[in-house]
Amino acid sequence: MLSRVADAIYWLSRYIERAENVARFLDVNLNLLLDMPTGVEQQWKPLVITTGDLKFFNEHYGEFVAEQVVNFLTFDRQYPNSIVSCVRSARENARSVREAISSEMWQQVNDFYMLVTAAEKAQGTQSLSDLTDFLAAVKQASHSFNGVMDATMTHNEGWHFGHMGRLLERADKTSRILDVKYYLLLPSAEDVGTPIDELGWMALLKSASAYEMYRKSSRSYQHRITPAGVAEFLILDVAFPRSIRFCLRQTEQSLHQISGTPFGAWRDPVERALGRLRSELEYLTIEEIIKKGMHEFLDNLQQQMNDVDGKIYQTFMALPPLSSQSQTQ
Amino acid sequence: MRFDSYEPGNFFDELFCDRNTPRPEVQPLVDRIHALPEGELLRRQFAAQQAMFKLGATFNVYGEDEDIERIFPFDVLPRIISGQEWQFLERGLKQRIHALNLFVNDIYHEQKIVQDKIIPLDLILSAKGFLRPCIGLNPPGGVWCHITGTDLVRDRDGQWYVLEDNLRCPSGISYVLENRRVMKSTFPQIFREMEVQPVDEYPSRLIETLLHLVPPHISDPTVVVLSPGIYNSAYFEHSYLAQQMGIELVEGRDLVIADGYLQMRTTQGLQRVDVIYRRIDDDFIDPTVFRADSMLGVPGLMEVYRSGRVAIANALGTGVADDKVIYAYVPEMIRYYLGEDPILSNVPTYLCWEERDRAYVLDNLDKLVVKAANEAGGYGMLVGTQATPAERQDFAQRIQANPRNYIAQPTLCLSRVPTILEENFEGCHVDLRPYILYGEDIYVQPGGLTRVALKRGSLVVNSSQGGGSKDTWVLC
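Residue numbers (full-length UniProt numbering), protein chains in the order written: chain A, 1 to 329; chain B, 1 to 476.
There's no promise every hint is true.
[To be verified] Interface residues of chain A toward chain B, partial, derived using beta-carbon atoms under 8 Å:
no. : residue
1   : Ser3
2   : Ser96
3   : Glu99
4   : Glu157
5   : Ile258
6   : Phe316
[Stated by the list, open to error] Distance windows between CB atoms, simulated:
no. : chain 1 : residue 1 : chain 2 : residue 2 : range
7   : B       : Gly260    : A       : Arg267    : 23 to 33 Å
8   : B       : Leu42     : A       : Thr261    : 34 to 44 Å
9   : B       : Ser458    : A       : Lys121    : 29 to 39 Å
10  : A       : Arg276    : B       : Arg132    : 49 to 59 Å
11  : B       : Ser458    : A       : Gln78     : 36 to 46 Å
12  : B       : Arg91     : A       : Ser144    : 49 to 59 Å
Honestly, the hints are just simulated from the structure, not real lab data.
What you are looking at is a predicted structure, and each value in this text was computed from that prediction instead of being measured.
The beta-carbon is built from N, C-alpha and C at its ideal position, and this holds for glycine as well.
Hey, can you work out the whole structure from these sequences and the hints?
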């Protein structure tokens with residue numbers, strides 16, 4: 001398939017997933033606030049840190065207050081990773097490959113965009129419950145898109161590029177939110193066990209739709225919420241669809257479907273980088289991670305995932321420059 | 001809604017002979033509409049428009065915000081052409097394309113028509129669409145214009161005229177196909193009753209036409225649609241046609257010349273391209289030969305094309321016959337190349353480079369329509385009957401400064417079709433663009449795009465200037 005088309009489908013899925021995750025972050029924070037005793041500092045700054053775009057926020061906004069951060073993350077068209085910008089980018093990508101995706105997918109992205117622009121226009125007249133409804137609708141629209149894509153598009157090369165984009169993005173966002181929250185919730189060992197603490201960990205799980213699944217999980221420390229348990233679930237769980245390990249396994253499977261290389265072997269740099277990263281996760285324990293330092297571990301993980309993304313681009317999209325060859329004949 | 005108060009007026013009406021008297025073949029449609037409950041037709045019109053929007057059958061208007069996509073307004077009342085009338089048009093169009101193709105081939109080779117003094121050489125050389133790099137080019141089978149969208153109009157007396165030939169990359173066919181799809185679900189019974197000729201064959205015919213250009217020794221050809229990209233006003237159509245034919249939609253940046261062939265960049269490396277259905281203008285195809293600032297084309301493509309290692313539809317250089325001065329000679333071409341009388345008429349055309357014509361044009365600017373020879377889409381035009389004296393003065397000067405670049409034609413009074421305007425039937429002016437494919441033989445799609453001027457009394461049907469479209473029914 002055309003490299004440009006593969007790239008567009010990859011980013012289409014990534015942007016949809018990104019919009020969903022931004023909605024998740026916001027939603028959980030709004031929820032958490034309602035449970036906080038008054039006087040506790042509101043946690044808007046960490047939310048901005050989670051996005052990795054603190055610099056942009058500082059340049060364009062003043063304070064870390066609810067109104068500003070919400071606007072930044074939802075309807076700021078200047079900020080490329082706000083919900084509206086993500087969905088717009090997803091739609092632009094979809095529009096450029098309409099003949100390669102299914103009509104149903106196109107329609108779904110189009111509807112998604114209309115949903116967001118309608119909410120954007122209604123801004124200012126909104127109450128908190130409208131905002132919560134909107135965030136729920138964004139998550140739902142992303143799920144619908146994924147469902148429609150699974151059910152209506154041939155699971156061909158293009159689909160696998162989309163699948164890789166979606167799962168890499170998800171792994172990245174899970175690691176980011178864990179990184180920020182972990183640091184916040186557990187700056188030192190003494191904070192463990194206070195009531196706010198548990199609420200914070202629950203919020204973290206909920207932002208990854210992981211709360212119920214965590215409770216049910218057989219490895220969940222007798223159903224109790226503990227920092228190590230939560231971190232293990234979100235990083236290393238083998239079957240939870242938002243855990244980093246799960247996401248990377250899926251990404252790798254799609255990668256091998258595309259290249260045709262048998263699973264466990266590698267032929268190009270991206271297969272090597274991703275295979276290595278995934279195997280490492282397969283054999284790590286949470287104790288090792290904690291010992292090594294959560295932040296250091298996650299930071300390193302994010303860098304390696306960025307490296308995988310870069311290598312996907314190098315391997316499939318950016319074919320060797322041909323400007324010299326094109327002059328022949 | 002009823003046609004009782006519909007006023008055909010002093011125009012040629014495509015559906016009515018006279019007030020309350022539909023043309024015989026149109027009667028079943030009128031009966032059907034009269035049988036609908038009150039408000040039903042408007043409801044169907046609304047539903048049809050919604051369906052278009054959902055399909056994303058949109059176009060962009062140049063110079064507007066990226067988020068503005070519009071649907072081409074659609075009117076549910078069809079334009080109807082009898083089987084007999086259509087046979088006449090079909091014969092005329094085939095004859096015309098046949099002659100035009102011979103003409104294009106001739107002027108890039110021996111130029112016999114010039115030697116025989118039918119057309120002056122100057123006019124050919126000064127036509128903007130005449131491309132010197134195409135001299136001596138041999139497209140497969142000697143066919144240059146594979147896809148044509150001829151604009152036809154009808155005057156007050158019902159006489160058909162060819163307005164433009166559009167031999168480069170005519171657009172609009174996607175609307176024909178989508179309009180039909182929507183109409184079939186809007187009026188299913190009438191379709192059965194009236195025996196409307198189907199249009200759905202077009203994508204299959206088009207891919208056959210393109211595959212016909214593949215050299216016989218290539219068994220696994222790659223055929224692509226080349227588009228300028230998502231910001232082009234006709235992008236929907238490019239994507240739609242690629243999808244309907246199941247071929248790749250490529251942009252210039254996907255393509256590269258390597259090892260003497262045109263290749264596209266895929267995830268598995270480079271892949272050879274054999275046929276391009278190009279939807280970008282000649283000028284933009286190859287920046288090393290034509291416009292150097294073009295970002296849309298492929299550097300080096302012309303050389304590969306000349307060597308016959310890639311086929312392009314339409315061939316480069318066909319635009320020479322879109323020059324409105326050259327257009328005036330089409331009837332002569334038909335006589336010269338085919339030895340036949342033209343079946344379809346040209347609009348009588350005054351050529352300003354000829355002294356006598358020029359004098360007449362300058363004396364009668366208030367009655368004529370003046371057009372620049374190389375413009376399209378309603379630009380560079382003076383409608384004398386509606387122009388101010390200052391505008392006429394301006395055009396008089398332009399004509400005198402550059403007589404070669406101007407032609408004039410009498411103001412035609414385009415035929416009308418009843419159309420829903422503000423919940424009433426009103427006669428609106430229409431034109432007709434049938435699509436003709438030239439592969440192994442010449443195929444005329446039954447129907448074509450009927451464009452309708454949706455502003456009351458307006459004669460301008462262009463989508464960029466408030467036009468809409470209708471389904472065109474050719475009866476068996």
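Hint check against the structure, violated hint numbers in rising order: 8
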